[in-house]
Each structure stands twice: as C-alpha cells, then as structure tokens.
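Protein chains in written order, with my numbering: chain E, -9 to 288; chain D, -9 to 288.
Derived by calculation from the structure, the hints in this document are not laboratory data. The model shown is predicted, which means the values in this text are computed figures rather than measured ones. Keep in mind that the hints are not guaranteed to be accurate.
It does not matter which identical chain is used: a pair holds within one copy or between any two.
Unchecked claim - Below are the SDA-like pairs computed for lysine to any residue, each with C-alpha atoms no more than 25 Å apart in a straight line: (1) Lys233 - Gly38; (2) Lys239 - Arg7; (3) Lys239 - Glu249; (4) Lys239 - Thr2; (5) Lys252 - Glu194; (6) Lys239 - Leu266; (7) Lys252 - Ala128; (8) Lys239 - Gln20; (9) Lys233 - Ala59; (10) Lys252 - Phe53; (11) Lys239 - Asn129; (12) Lys233 - Arg18; (13) Lys239 - Arg31; (14) Lys233 - Pro271; (15) Lys239 - Ser28; (16) Lys239 - Gly37.
Number of protein chains: 2
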Amino acid sequence: MTPSSDIATRMTETADRVTVALDQLLPRVQGPEQKLMSAMRYAALGGGKRLRPFLVLETGRIFGVDERALLRAAAAIECVHTYSLVHDDLPSMDNDDLRRGRPTVHRAYDEATAILAGDALLTLAFEILADPNTHPDANVRCQLVTRVAQASGARGMVGGQMMDMIGSELGDDIAAVTRLQRLKTGALISVSVEAGVMLGRAGEEAGTVLSSYAHDLGLLFQITDDILDVTGSEDEAGKAVGKDAEAGKATFVSLLGLEGAKERVRYLATQAQNHLAGLGPRATYLSQLVDMIAERRS
Amino acid sequence: MTPSSDIATRMTETADRVTVALDQLLPRVQGPEQKLMSAMRYAALGGGKRLRPFLVLETGRIFGVDERALLRAAAAIECVHTYSLVHDDLPSMDNDDLRRGRPTVHRAYDEATAILAGDALLTLAFEILADPNTHPDANVRCQLVTRVAQASGARGMVGGQMMDMIGSELGDDIAAVTRLQRLKTGALISVSVEAGVMLGRAGEEAGTVLSSYAHDLGLLFQITDDILDVTGSEDEAGKAVGKDAEAGKATFVSLLGLEGAKERVRYLATQAQNHLAGLGPRATYLSQLVDMIAERRS
C-alpha cells in the first residue's frame, strides 16, 4: 500500500468513527422543537473531511490516550467547526448555497433554524468537553473548555470571520492575510492538536513541536484552499469556488501568484514534517497528513 | 425605606457591579476585527435589569460565596442571555428594531456583525466559567459549564426559541405555552440560581427549595412579560410591545385572560415565597424580588 492510500484509508476510518460518535452525542430528533435537532444533525452528520477530529485522534494516540476520550473531544471540536460553517454560509455572511455537496442548512431548512442550529452546536461542544467521560480530571476538562473557547471566540475563529467580512478594509499584504487565516482557520486546527496533547498530558517539549506543526499545517491548509478556489471545480470541492477572486479578496494566490503559493506549500510541508522528526514513527500519520493536504484536490 | 425601594436599590447596585465586571471581561476594542468587539460591548453593556446576575449573586451570598467569583459567574450567564437577545432580535427571527430602548445590534451595526457578536458572547461565557478565578475547584467549574450549556442549548433556551419560531404549529394549550417558557426563559433563570448553589456548595435541601423557587420565579417572570406585552407601553418596556397578539401567538394572557393571568401571578408569587421560608432572613432579597417582578411595569 502506498503511503498516500494508507493515510486516506486511515482518515476515512477516523471520519466514520467520529460520525458515529457525533450521532450518539447529538440530541435525538424529538419534541415540538425537533426541527432544530434535525438541522443540527443535517449539519454535523453530512460528511466532511473531519480534519480536526483526525488531528485530535492522531495526536492523542501518540501519547496513548483512551480512544473514547479522544472521540469525544474530536466530536466537540467538530461541532464548533460545523457551527462556524453553518453561520458563515448564511445570506448575511458568505451567502453560500452549497456545502459538502449538499444545500447549506439555511437552504435545506430556513435562516432562523440555521442560526439556532449553529448556536446549539456551539453550546453542545462545551457540554461534551466538560463531561467527566471526556477526561477523569476536571482540570484537564476545564483546560479543554478554556482553550477551545479561546480558539473559537472573538480573539480566534469568530474574530477571523469578522476580518473576512470586512475584507477590503484590511489592506492586502501577506501579514494581514496570514493573520486572518491564523484566526479564522488556524486557531481551531491548532487547538485540535493541542487537545490531543492536553488529554495525553504530554511533556512541554512534545507540546511545543506539535504546536509548531499545527501552526504550519493550518497555514498549509489555507494556502491549498486558496489554490483550489482558483484551480478547483465546484464538483470536487463540494462548494462554490472562485468566490474570493470574484469578491476581490486578497488571498495567498492573489498576493504570491499561483506558482508562489505552490512554492510556499512545498516549503511549509517540509517544515511541518521537520517538526515531527523527534517524535519518530509514532507521528507517521501526522506526517503523511502533511503530504495529503499539500497534494489535495478538494 | 420601603421593602420595594430597598430591593430596587439593591438591584441597581448589583446591575452596576455586573456591568463593571462585564466591562473587564469583554475583549478590548482593538485590531482589524474591532467592529466585533465594539458590537459585543454595545450588546452587553447597554443596560438591562440584570435579573439573572442578581439571582446568581443573591443566591451565592446566602452561602457566603466570594463576591468576585459570583460576579464572574453572573457575567458569564449575562453573556449567554445577551447573546440570545442579539440572535432572537435578528430579521430572520423576531425582527426587532429596539432593545433596552436602543437600536438592536443588527440595526446599530449589521446582520453579520450581530450574528458574530452573539457567537462570541456565547463562547466567552464558557471561557469565563472554566477559568480558575471563577472557582478554585475545577469540578465546580466543569459543573457550571455543564449546567449552563444544558440550560442554553437544544434542550434549553435555543430549543425554546425554536418552539417560539414555529409557534402556531405547537397547539395553544397551557401545557405547550408553559413548556415553551420553561425552555426559552425558565432554564437560564433556574441555572442562575443553581450557579449560586453550586458555587456555595450548598446542601441538597437548600438546593431543592431554591430550585423550586427559581422554577416559579421563571414562570412568574414570563406571565408578567405576557401581561406587559398587552398592557405596557413601548417607552416603559424599551422594546416593541403587542407583538405576540399581532403574531397570533398563544400566551398566558390569550389562554387565561388578563384577569386569569394576574391571578396566576399572585398564586405563583405566594408559592415562590413559601419555598424560601426555611432559609429565613438570608433570603430576604430573593423574597423581595418576587414582589418586584409581580408588580413590575417594564
């Protein structure tokens, strides 16, 4: 088996198990408010790469963390990610009709239901993290709540989306685009790796190299996203493409050029893998993930 | 001083201190995403009765809880309440232009900013609760996160708002309206009292009577809200009135009649105060609060 099919299989397996975990953690569809639960499930169980859960699981496995705990933390972070997609897709934000190859939540249901389903998914994430089943030590659970909240709030993901909304006022240099990415997608990718580190009570040294890895991986992911927005097809991406250029937004491609962006991808991929060197074969899948993202077509 | 001016003064003092606490806990207005912080502050610092914080503080005081801890928990719950108002006011939900006598957040800013400011306020609430400054014992902090999340999520406040949105399909009996109220406003009022109990590590007996008190108080608050929607003026309420009748929504007034609703208020007020009897003078302010709500005009 080639390394690339190896990681692809592993990612699919992980994605399936995270979906099962989410299915169990999401509220049942019942009661007069069942439209809400139905929309939450539509959003969270509708596929996706499950990149963030994969990072939680593979990082935690390095430190021998119990798989059930990892799946809970992974599901919680995926709830945060899913809520952010549901809200970002709304008419008053990015106004997208398609997500993961299906109608967005406000299209499949309605706008009010999409807002409420997003709110409930975000709330559920913290309920999952604070539950004793996620970790026997309440200090670790509080740490998870704190870091996930920081990564997703005004100084993290939501702040990044705000910057994205006011895009044209930000200036169009590489520092501004990098900061936006760092907040909008990087923070949650970083906290996914960090969750595995926290649950595994890994030492400071391992924490630092994995944090550097996550930093580069997040940037790598965003640059390839910008490249796909230019070169990809809507069918492959499962969402609208070409929107950044249309909106006149500064992206890594508009700033570095297509070749420059691809070069930056290669540079970051090498750097991300170098961070992992000290962890040896335990980090094989995290390393293969770098190649997979660098070469991704959707 | 009459009891009524006594409680009014105490509520104003508490509200001021909660506003100061919120001011310190909310992110500064800075960075390219500062519009977000500005909207969060506009929403959270714009007044309001601060009923939920008052409940956290007065309950916690019964058990001698450190005031700084109470203010943090109170501020967190007020963040949840504020976010719910910001989202409920949106055009796709209740479409309100006025809140606490000022333009709603989506009117003062824009819709996208209102959605994001709500998201960030909800996220901040959990960050505050999980912080060691809220309580030295991480188990208590996790319990707070869990219960606030449960009270605010799909099986609590957000579920109640969903029911409110699909109102006409719910049936118009008193059981349906009571269940909606229980979720939409009752759950967060109950968890405010519960937070004081949790922080004070109060015994089971005190917890049970205070939980019954909170249950009746929440219902009382909603019935008086329904009465004010019929009898109040927009000036006094600081928000639009008469909307429920206009929307054909079943309310306690439409189901019980104005006199029937007022009678229910008197009954609930007596019952709520009876729950407190065993706590003696320590619960004076919680008791006076019942009268204040029963007689409120805004």
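Comparing the hints with the structure gives:
Taking CA atoms no more than 25 Å apart as the test, Lys233 paired with Gly38 passes inside one copy only; the shortest distance there is 20 Å, against 41 Å between copies. Proximity of Lys239 and Arg7 under a CA criterion of 25 Å is satisfied in neither setting, with 37 Å inside one chain copy and 43 Å between copies. Taking identical chains as interchangeable, the C-alpha atoms of Lys239 and Glu249 lie at most 25 Å apart only when both belong to the same chain, with a minimum of 18 Å there against 60 Å between chains. In this homomeric assembly, Lys239 and Thr2 never come within 25 Å of each other (Cα to Cα): the closest approach is 33 Å inside a single copy and 47 Å across copies.
For the homomeric pair Lys252 and Glu194, neither the shortest alpha-carbon distance inside one copy (33 Å) nor that between copies (63 Å) is at most 25 Å. Within a single copy, Lys239 and Leu266 get their C-alpha atoms no closer than 33 Å, and across copies no closer than 60 Å, so neither meets the 25 Å cut-off. Taking the shortest Cα distances, Lys252 and Ala128 never come within 25 Å of each other, neither inside one copy (44 Å) nor across copies (46 Å). With identical chains, the CA atoms of Lys239 and Gln20 are at most 25 Å apart between copies only, with a shortest distance of 22 Å across copies and 42 Å within one.
Within a single copy, Lys233 and Ala59 get their C-alpha atoms no closer than 38 Å, and across copies no closer than 47 Å, so neither meets the 25 Å cut-off. When the C-alpha separation of Lys252 and Phe53 is checked against a cutoff of 25 Å, the pair qualifies neither within a copy, at 33 Å, nor between copies, at 62 Å. In this assembly of identical chains, Lys239 and Asn129 lie within 25 Å of each other by CA distance neither inside one copy nor across copies; the values are 42 Å within and 46 Å between. Taking the shortest Cα distances, Lys233 and Arg18 never come within 25 Å of each other, neither inside one copy (36 Å) nor across copies (32 Å).
Proximity of Lys239 to Arg31 under the C-alpha cut-off of 25 Å is found in neither arrangement, the shortest distances being 32 Å within a copy and 28 Å between copies. In this homomeric assembly, Lys233 and Pro271 never come within 25 Å of each other (Cα to Cα): the closest approach is 40 Å inside a single copy and 64 Å across copies. In this assembly of identical chains, the alpha carbons of Lys239 and Ser28 lie at most 25 Å apart only when taken from different copies (24 Å versus 34 Å within one copy). Neither within a single protomer nor between protomers do Lys239 and Gly37 lie at most 25 Å apart by alpha-carbon distance, with minima of 28 Å and 38 Å respectively.
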